[in-house]
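Protein sequence lines correspond, in order, to chains A, B, C, D and E.
Number 154 in my numbering belongs to position 154 of the first sequence; there are no gaps in the numbering.
Number 330 in my numbering belongs to position 330 of the second sequence; there are no gaps in the numbering.
Number 29 in my numbering belongs to position 29 of the third sequence; there are no gaps in the numbering.
Number 558 in my numbering belongs to position 558 of the fourth sequence; there are no gaps in the numbering.
Number 43 in my numbering belongs to position 43 of the fifth sequence; there are no gaps in the numbering.
Hints are supplied without guarantee of correctness; some may be wrong.
Part of the chain E face toward chain D, derived, beta carbon under 7 Å [as the list claims (entries may be wrong)]:
#, residue
1, I113
2, G219
3, Q237
4, V242
Here are some of the chain A residues that sit facing chain C, going by a computed Cβ distance under 8 Å [as the list claims (entries may be wrong)]:
#, residue
5, N103
6, G126
7, I127
8, Q164
9, A192
10, S197
11, Y224
12, Y225
13, K260
14, V263
Everything labelled a hint here was simulated from the structure, so no lab data went into it.
For each residue, glycine too, the CB sits at the ideal point set by N, CA and C.
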Amino acid sequence: MVNNEKLLSVKDITKVFSIGGLLTGTRLTAVNEVYFEMGSANPEIFTLAGESGSGKTTLARLILHDIELTHGSIFYRGTDVTTIRNRKERMRFMERVQPIFQNPFETFNPLKRVDTYLYATAVNYGIAKSGESTDGVVDDALRSVGLSLQEVRGRYPHELSGGQLQRVSVARALIPRPSLLIADEPVSMVDASLRMSIVNLFKELKEKSGVSIIYITHDLATAYYISDRIAIMLRGNFVEMGPVEKVLSEPLHPYTKILKESVPKPVLGEKWKDKIELSTLEAKEFARVGCKFAGRCPSVMDICKKEDPKNFLLDERTVKCHLYAKQFKNSIL
Amino acid sequence: MKHGFFFRYCLQRVGQCLLVIFIGITITFIIPRLAPTDPVESAIATANMSGQYTHPEAVAEIRRALTELYGLEGGIFEQYFNFWKRLLKADLGPSYSSFPTPVMDLIRRSLPWTVGLLLTSAFIAWAIGNLIGGLAGYFSQRGWARTLGVFCMAIRPTPYYIMAFVILALFAYILPIFPLSGGLAIGVHFSFTWRFITSLLKHAFLPSLSLVIVSGGAWFLGMNSLVSNIVSEDYVVYAEMGGVSNRNILFRYVMRNALLPQVTGLALQLGMIFNGALITEYVFSYPGLGYLTYNAVFSGDYGLIIGIAIFSIIGVALAILIIDLAYPLFDPRIRHR
Amino acid sequence: MGILKVENLKAYYMTDVYGTKRTVRAIDGISVEIKENEIFGIAGESSCGKTTFMKVLSGAVKPPLTVVGGKVLYNFGNGSLDILSLQKDELRKIRWKSISCILQGSMSVLNPVRKIYKTFRDFVEAHQKIEKKGDFMRQMRDHLGKLGLPREVLKAYPHHLSGGMKQRVTIALATIFKPSVIIADEPTTALDVIVQRGVLQLLKEIQKEQKNTIILVTHDMAVHANIADRIAIMYAGRIVEEAKAGDILENSLHPYTQHLIDSLPMIGDKSHRVSIPGVPPNLANPPSGCRFHPRCSSVMGICREEVPPLIEVGDRHKVACFLVSKESGDGK
Amino acid sequence: MMSKLRGKFLLVMVVCIIATWTVLPAFAAEKMLEVAPGVLRHETLILENPTGRCENPDNFNRWAPGMTTYSTGLQQLALDTLWYIDPDAGISTPWDNSLAATKPIYNKDFTKMTAKLRRGIYWSDGVEFTADDLVYTVETCMAHPGVLAYGANFEVFVDKVYKTDDYTVVFELKKPNSRFHGLFTVRWSACFIMPKHIFEKVEDPVAFNFNPPVSLGPYVLKDYDKAGNWFLWERREDWQRTSLARYGMPQPKYALYINPGPSDKRVMAQIKHDLDVIHDIAPEGMITLAKKNPTSKGWFKGFPWAHPDPTLPALILNNERYPLNIKDVRWALTLLIDIVDVSLASYKGAATISAIAVPPTGGYLSWYFDSMEEWLGDFTLDIDIDGKPFHPYDPSATLRIAERARKDLGDIGSQVPTDPAEIKKALGYGWWKHAPDVAEKLLLRNGFTRDKAGKWLLPDGTPWKITIAVEGPARPIMTRGGTMIAEQWRKFGIDAKPVVIKLLWQSMSYGDGDAFMAWCIETWGGHPDLFWFLESWHSDYYKPSGEPVVFKNPMRFKNAELDTIIEGIQGLDFNDPKCLELGLEYVKVCVEEMPLIPLMSYNVFTVCDEYYWEGFPTFENPYTNPVPNWANSKYMFTMIRPKTVE
Amino acid sequence: MISTIKNLYEHDRRFRFAFIVIIGIIIFSSLSFFSPYDPDSSYDVPSDQSPSIKYFFGTSSRGQDIFWKMTFAIRNSLLFGISTALLSRIISILVGLTAGYKGGIGDRILMSINDSFIVIPILPLLILFNFIFQEKMSLFLLSLIMACLGWAWDARLIRSQVLSLKEREFTRTAVYSGMKSLPITLKEHLPFVMPIVFATMINNMLWSMGLEVSLAVLGLSDINTPTIGTTIYWANQHQALVAGVWWWIAAPIAISTLLFIGLYLLFASLNQYIDPRTRLLRMGG
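Only chain A is shown next, with the shape it has when bound in the complex (with noise of 0.2 Å):
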């Protein structure tokens, strides 16, 4: 009944994957232990941010529902979505949460029109029922996305550039009127003069529409930009969670701390100095007793080897790190 208030909470998912190599078997442990939530009173913009192979996509198809996950729960506005089994139950979730993929130009089959997708939609979620209301639908969410049915009427995907790609991809989650966007990576493939474009759609969104938006990025520069909240993920665990501004601008942890260092920036006289240290095989970190990071942070423990840290809440923030265990006794989990 609690949940009730939330829009969507997250309860320690972890999702497993039995890796069947031949020789070398290994399971890993994409998602380990996440818990977050999001509330239903404000839209926010939360941000899942972390490198590649962090578990962050794994997580955003957990919660999408696409795969099962291994233990844990999810709730949204209080109904457990991992007990979904058939398609009405499915479609109605869908409804509510829809999801905008990283390649505009893979999002929509290369050899059809985009707008049947569009339609499509409308028309599945019985958005619209004849024929013109659906035209109707259908250039009310072009419009929102600062497109307009004309523009696109016809055209097949490599006719549009990734710019308007993805916001016809927005425009097509939008149609049956969700109140959670799942957007993973939506501008790492969008040309940079027209990325800012998207991401101002989003927190458009958020304002206008009162959409909460999951936001799914490596790239910290954007996810400061718009989010509210940020989460740094490494190998499947959320190493720091907390409102955007503190989370990146004083980070606590030693890996966002890097991590931030690392991102390079567009001015003069802000090269990197120091040389780091570099992960060979992500298999490995992956299997790492302990600390996932153990293995190249500056700030290393000898207990960061042997046992894995647990959250401290700190500042508005949670961050895994040992190092933050003496100084603070509350931990929670």
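Given the structure of chain A, go ahead and fit chains B, C, D and E onto it with the hints provided.
Structure of chains B, C, D and E alone, referenced to chain A:
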């Protein structure tokens, strides 16, 4: 833990293989039960046809005696159950046309010939077809590559029977280099002597050549198109940029990668062995399983036909299993992932 | 002259698919000169022709790409050499020894079924005889060691390595012979920021040590800002501005460059940023005159009709914009 | 530079590999002077074993079920029995007392048969052949009735078998049987004699392999292929101690029975002189040999070459099936056949046709065909054509066949005889007229009708369909003939279709079909007695469709008159001249009733190559049947002579 | 359709050649409807005549004009090959798409059945079927049986293709557009699978027609229906190879070779045409 995965993978593959064998054998068990063949009548009819006198009253006696001897009593489920019981003891029952010789004996006698001939031919065809196909695919603009392509296309629809016969006529009759028929020369028996080996090779050459031409042609075409796709892969382009020699690019980059799907194809090809063998062995009078099948067909010996089919099913399933398990040797990526 | 001089280069993709003839003017009149021992950055968005430019520079011109005009002259200290007119054998000789490449998508440039050291051997063997295997392995291990790479990678298959490691391996591969010119096409695009940082630092170090020229192509201005000595901005098959990195970042003259830099968000700065309006041009049917004019906020009449020439305005600062050429007086 | 060189090196290597691979066994091209090590070609007769490859080559137990190696030389050269009847003229007479010293001796009511045995005959292991062997054979087979060959026959008839001395055996029979000796009389095969001293040591004579076979004939097994493709026999040192020695020494030191493969290969092999005796090939193969190999010889010097087997391929109608149970219908179908086309289609004209239900071979030409000629000419069907009774017999059919063949064969057409007498001997006497108009009348009067398209309907208005079962590639000649007949019927408007039935003999046995292109009439050839096959036509042994027939009545033909004839023959001695009279009566019944449509003798293109050997039996010198799988082909071995090869 | 052909004809040399050959063969086989002789009649013309103006392909030893006989044979064989290939394509597409898209238990069951069909030896099985149906075995029934036996490997190929298509983002777009499984596989995936379907179609035709010949040589087909196989069967029965009536065998081989080179090139060019990549290029992408 580490071995666990390999073990589990193997177990899973073996289980799948067994299931496939089970379904395949069950199908081959059911189908002939629908056929109106009667081994007893076949035997009597054969004797009758060959002009052996039998008094009408004696015919009834023979019929009774043979029915008992062949052990054809019982319902279908009972027969099915007994069938598996025997099969697990590697007993395929008696051959009706060569009663009471066990089907297993007949197969055991013929199997080495077929396996020897066809396995060798399949591998030679695979090697040559892929080699030439790869070369032709890489140098696809050259005249010889195109000519070979047309030749292979023309070979494929030629009925195998005719092809085999023309080869036979050419090399055993018009140019009498090779023997007309058989698996060994007269008077030659299995031994490790020069005479035996040359005789074996001489007799196997033409049938093998005919098989190699046909399936080599198919490999050629397959490899050709695979290569033409792979030459535009990044690692090939990159190696070209690095000035790596054509030969190295062709063999180590293009062909090596194009061979991967062809390895899987080889498993399937081994399955075709039992189909291909029939006509080959018939034309060349080669004493293998195909000839055995041919005789079984013409004597209505379905017990033998099923026996051969079962062998084929097991053989092919095992071949596929082995290639599946060995595949990681060819593709290092499978080992990891 | 510098190590590389490109003169009015034009390279088009000419395709004819079932009668649908298309000419994509991927490079339409580029002239540039690159000095020795510098990192020359080329920036631009997708399909602005920068990858095509790299292909031409490395001499990898294959149909449907055709060089319509211009020259690509290298000078490795023994006179100038037009890479476009070289014979296959001559080209093979200078490749990797004098010019090497790091390609976009390092994930797929290594032969997936070959161990790394064998790939290294193939590349080395193509240019010099390997006397002893042991010596060769030692040399390779040394080379990797210098680049700070673990020597175990030699015995690994590509799929064993992470993306960043693969990219670093390709860099190692590209620098075996200490080539005079390294062409790096989007070497860090698919990499994570931390790895990207490592790779860029590696490139920089190599350049310092081997004293070679690196032509670095990437769409990411931030990367250029961190590593490039000079930056050229490409738009729709042409260079619109070329200058020292600092000048481009702080004193850019071309509206496109300005927009591009202004639109980049930064951590710690939440102020509103906007994209360049409009859509990138289609190179099969590019706009007349200045190709940026449909999206330019300061567009003038002349922009629609004439192509602005690339003129030098300051200390080796070149720009192709009528706004600038008017200020500087004439269109020379 | 380096890589260029290597590239060339590679090319050379590839070429070398391919070249070696193609040239490698080129040294195989050696002239065949030796058949096998130590076996000289000119001392060897190479014959075709028509069984092909023997799947189970180790089994030489001729008496066991499922044995497939009988035609490998075993029954021809190694086994022997009491009497032989040659389908042709024989060396002296068709009848030959082989192991027996005399003809069979019956008592008056045929309940006892005495066999006198020849003395001085020895098994190849030196043991003498005596009455014990014969008694043992009969008793052993009887002990396994239905399993060992002839055991069931013995069980039906033999009450007691015993020897009175070492060379006399007496059979006491359960019921009178004037043809009991037939079980020991070889035409194609018969009950051969077991070596007692070998079999009595064996626990189970059914499972015994009899390998190596101990021989009673003039040859012993020297070697054989474990894969079943060839069997090599060597003349016994003591060949004089066998029954065949009466005719002199068998000339070939070795006899090699081989599986030469499909018929095209047999032709090739003979042209290469690697196969002396071909069992059978298609007529086209014969023509090819006639053109290409001057030493190839058939039974007839020229056309039609083939040796007529004493077997009568016919269109066996299922007399139980409506409307084939109507005599008029059977006759109508007969009159719809144009035998000229059938002969040309099946044999390229080289058929020996027969209008009556006995094969036109050996002595039968004079015994039956000459005797019937007048009767046949007078024979009428009870239907009037233009107010006159219809004479269906057409004595000129063969002349027309000869004429057509002459035209069709082109350059070797001149070999076709022109003399009517010679044509008669080679191609048969005459056949039934091709008379569709009469057939139409016969059908109409039975209530058959034609629909608008001219298709025949049964009296009840449904379309009339007939299938003709043929055996396909297993018996090409008959398939070709059957297909032609179906076509002729179809042209007349009957929906007739030839279908390939792999198990033809089985489905015929069950009566599972309308008409079968096969044979059920086989005769001695060298003896006029018909009882051999006719006995099973008696209505006592009649089996309805659905039940398998016993022996030779797959037509399911029942006729009271015929029963009388059969009973008549049964009461007569084998050599009683009255048998022939009754035989002629049988022929007349078959003409009247037409239970099966007789077509021709089973002409076998047994081609002998006179390159290494000459003196093979021919029509001019018909001392034996040359067909190499027949047991009596052994007589050939004493008559042929080596030819000096240049 | 017509514009596709026109387009291909004008711009693809292989297609032009293939098109002319195929049309020629279709015209040739439809000449069978105007044949002066019945398909099953024999001895209509003098036998063993070598090819001449009067008899283009010569005459057979059965007195048939091979030219006209071949019109029937090619027609029947072509229909046989096409129907077998089409039927088995339908099965393999259905199985491949379902198994690939649905995944899970259904996939595993389908693939086990599929694998069983891969390992079952076809020829012995066909022979057994022949025993079962005996005279009822018609060309149509044979094609039905062969279609049921010849789909397995291709279904596997299609499945693996679908498996990768399933992972592509546009499939997920379709899912979130509320589309059901069947429309997704048919509308989104089938176009990508078509090149495989075409490529395997030609192989399947080759395979089925080759088996038909094998069966005919063994006398296991309906000898009344003229096909390439039965033509060779009859030629064999008359020992045409050694008797020197080579044209009897050369004619069907020449035509079928031409047919297959034609089909091969046709499908190759068609495949390139419908290949998503070329389609995009064609559309100006």
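Outcome of the hint check:
no., hint, in the structure
1, I113, "violated, 29 Å"
2, G219, "holds, 3 Å"
3, Q237, "holds, 4 Å"
4, V242, "holds, 5 Å"
5, N103, "violated, 12 Å"
6, G126, "violated, 34 Å"
7, I127, "violated, 29 Å"
8, Q164, "holds, 7 Å"
9, A192, "holds, 6 Å"
10, S197, "holds, 4 Å"
11, Y224, "holds, 5 Å"
12, Y225, "holds, 4 Å"
13, K260, "holds, 7 Å"
14, V263, "holds, 5 Å"
The structure fails hints 1, 5, 6, 7 (numbered hints given earlier, in ascending order).
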